[in-house]
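A.B. asks: Full structure from sequences and hints, please.
Listed below, chain by chain, are the residues.
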Amino acid sequence: MSWLAPSALALGGIAALVIGALHFITRSEPRPEQFPTARFIPERPLRARARRLALSDLALLALRAAVILSLAAAVAGPLHGGVRGRVLRVVPLDRSRAVASAREVADSARALLREGDVVIAFDTGATLVPVMRATDSVPLSSAPGSLSTALAAAIGIATRAADRADSIELVLVSPFAADEADDATPRIRETAWPGRIRLVRVGAAPVLPFNGGVESAAPLDDPVGAAIALGGLRASDGSVRLTRATPSPADSAWARTAGHVLVHWPAGPDAAFTRRAVADTVGGVVAGDAVFVARLARPWVVEGHTIARWVDGEAAAVEREHGDGCIRDVAIPLDAASDVTLRPAFHRFLGALLAPCGGARSGLALTNDALSRLRGAGALATASSLGPSRQASSWTPWLLALGALLLIAELGARRVRASAS
Amino acid sequence: MARPSASQAASYGALLDAVRGVQWRARRAVTNAIAGTHHSTQRGTSAEFTEYRLYRQGDDPRRLDWRVLARSDRAYIRLATDRAVLPTTIVIDASASMAYPVGGATKWRFAVNLAVGLAAAAHAGGDPVGLAVAGREGSPATLAPRTRRGVVAEIAHVLDTVEPGGTTPLAPVVAALRTARIALITDLLGDADGALHAARIHAVGGGEFHLIHVVAAEEIDPPRRPLLAVDPERSEMRRMLLETTRAAYESRFAEWRSDMAHRWRAAGAAYTEVRTDEAAAHAVRRVAEPAGGIQR
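Chains as they are written, first to last, in this note's numbering: chain A, 1 to 421; chain B, 1001 to 1296.
Don't read these hints as lab results, they were simulated from the structure.
As the structure is a computational prediction, the values presented were derived from the model and not from experiment.
Worth double-checking, as some hints may not be accurate.
Said to hold, decoys possible - Cβ-to-Cβ under 7 Å is the rule here; a few derived chain B residues that face chain A:
hint, residue
1, TYR1076
2, SER1097
3, LEU1189
4, GLU1219
5, ALA1229
6, MET1237
7, ARG1239
8, MET1240
9, LEU1241
10, ALA1248
11, ALA1279
12, HIS1282
Claimed, not checked - Which chain A residues stay away from chain B? Per the calculated CB distances, all over 12 Å, these:
hint, residue
13, ALA8
14, LEU11
15, ILE41
16, PRO42
17, GLY125
18, ALA152
19, ILE157
20, ALA245
21, ALA267
22, PHE273
23, GLY378
24, THR382
25, VAL416
By construction, the Cβ of each residue, glycine as well, lies at the ideal position given by its N, Cα and C atoms.
C.D. replies: And the structure:
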């Protein structure tokens, strides 16, 4: 048996001892009683003490102590046969493009996990995964990984599951690529997780060759074609293929190859895009760090993993996985007579749109110093350090009822004692 | 005064049955002229012959024994012992000390039973019997001595309506009574000296005074637990009764009771100590028919 608040039990014990002490002290001062022949009693100081206790008084004392202890036990919240006393593991599994093998991740999970542990699969987002499925295999995604996302999700879940254990162990299974950490990662680690973290490294996926060349059939009088030509990006065997019309089956097949990026940037109306109810104009668009300011029409609506946004936040270009590669839909119409695509800002914007799937990868791992800070030191995180317990004891109402019954019994015993004396 | 109910009469039924036949005789010849059952100091013309006495001038000629005069030529008058009634008033102490133990008032109930029993014994002898309730707050409740039927029930009814309490002295009530026989039922924990003085005056005047000293069994044998005792008539008096002081208490109390018995008897009163743990009928018999007999 364990207790939700053992200190309440200790306080109850102290209170029972105090009650006992008070009981003996008050017994030593008898209540005044009328006695007609009191004048024949020798005069003595009234501080004289009693040296004897009646059985009824002991019963009353026992009842009072039982009332105190039952109420203290109700507040302490006994847990019978609970899961407290154990260590709960929260295991974020990396399933991002940085992971080389899903099998390796599953094997690592199988070696770690026990019944009751919590598993999270993360890339740019995090989802809860059943333990059995995690030890089977977690499908990898082409999205980049984010250790900040993993930490935030794990801390939230650990806080909610804190009532089930005394200590929480956070186990990160990841290749710990440098691209997966951002500025928020060390801050989250230091401020939001109170214990050490166990790091389990798995193999990192190799960085696929990306030559940056663009295969494009766009003529030079096309604004995008002119920008590619101007930038010297045009190549016959590039990793990026740009089409200004609906992609052909050959384009689609080409995009399935790992490391290939198909950019679908229609020059005119396209059946693949949903038209907006009311077309409007926007003053700029942003992709990563690149900002392109121009008066641009906005006739379409696109949804998916956003890689470029209009200045009001709406998606302007999205990326979707396609085989081992990806396809980017760019819903930014450009005026054929305009020269905005010749500006340096557009070239930086175009570079962001022509990046590898999921963005550029450095292929570097986190430094030992960064890993050390991520791992931390000291003991495991305690459940109490993650926030107040919300668990309730099923014994509490019964103990409160017992306390109430004992109070009634104490009242009766007191009356019996008063009438007897 | 309202008539006592049947239930009230029934509540004293066992006691009245137990004291039936008890004769509460006068301790000495009475001076009353009204015919009764007690020996009178007067010599009269009753059928119970006592002696002859020479006729003296002033005697009633009708009391001459004409036969003796005819035989002896001497004038004698025939004397006979008269019988007289003895009006009795029972004075009961209703002060706060009689309401003990608190809640049970065993002492008061015992005194009431004793009063009713003595009234019944006196009434059975043909004596007028009355009641005075003293010691409580307010004017004392009194019933003048009567011989009529139902007077005992009236006394019981009055006593049943009394709640003991107060510290009013007994002596003024006793001194105001003009009854030949006074029976004072009290615990003597009030103005014992004043009552003793009034009793002495009553006895000197030829009256008969009975002092029935009621002692609660708990006063003789107090509880064995520590007791912070408070005098009900003097709340400032608080004493602690412990095992260490118990023997001294018992000694002092016994000495005081002995002293009271001596002083009251010396004053000419008939002193009887009764305990609340004895039967009331038995106590009535001890008062009315003392073992030492009755003086003539």
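A.B. asks: Next, verify each hint and record whether it holds.
C.D. replies: Against the structure, the hints:
no. : hint    : result
1   : TYR1076 : violated, 61 Å
2   : SER1097 : holds, 4 Å
3   : LEU1189 : holds, 5 Å
4   : GLU1219 : holds, 5 Å
5   : ALA1229 : holds, 3 Å
6   : MET1237 : holds, 6 Å
7   : ARG1239 : holds, 4 Å
8   : MET1240 : holds, 5 Å
9   : LEU1241 : holds, 5 Å
10  : ALA1248 : holds, 5 Å
11  : ALA1279 : violated, 22 Å
12  : HIS1282 : violated, 23 Å
13  : ALA8    : holds, 37 Å
14  : LEU11   : holds, 33 Å
15  : ILE41   : violated, 4 Å
16  : PRO42   : violated, 5 Å
17  : GLY125  : holds, 79 Å
18  : ALA152  : holds, 71 Å
19  : ILE157  : holds, 65 Å
20  : ALA245  : holds, 111 Å
21  : ALA267  : holds, 110 Å
22  : PHE273  : holds, 99 Å
23  : GLY378  : holds, 61 Å
24  : THR382  : holds, 54 Å
25  : VAL416  : holds, 14 Å
Hint compliance for this structure: hints 1, 11, 12, 15 and 16 are not met, and every other hint is.
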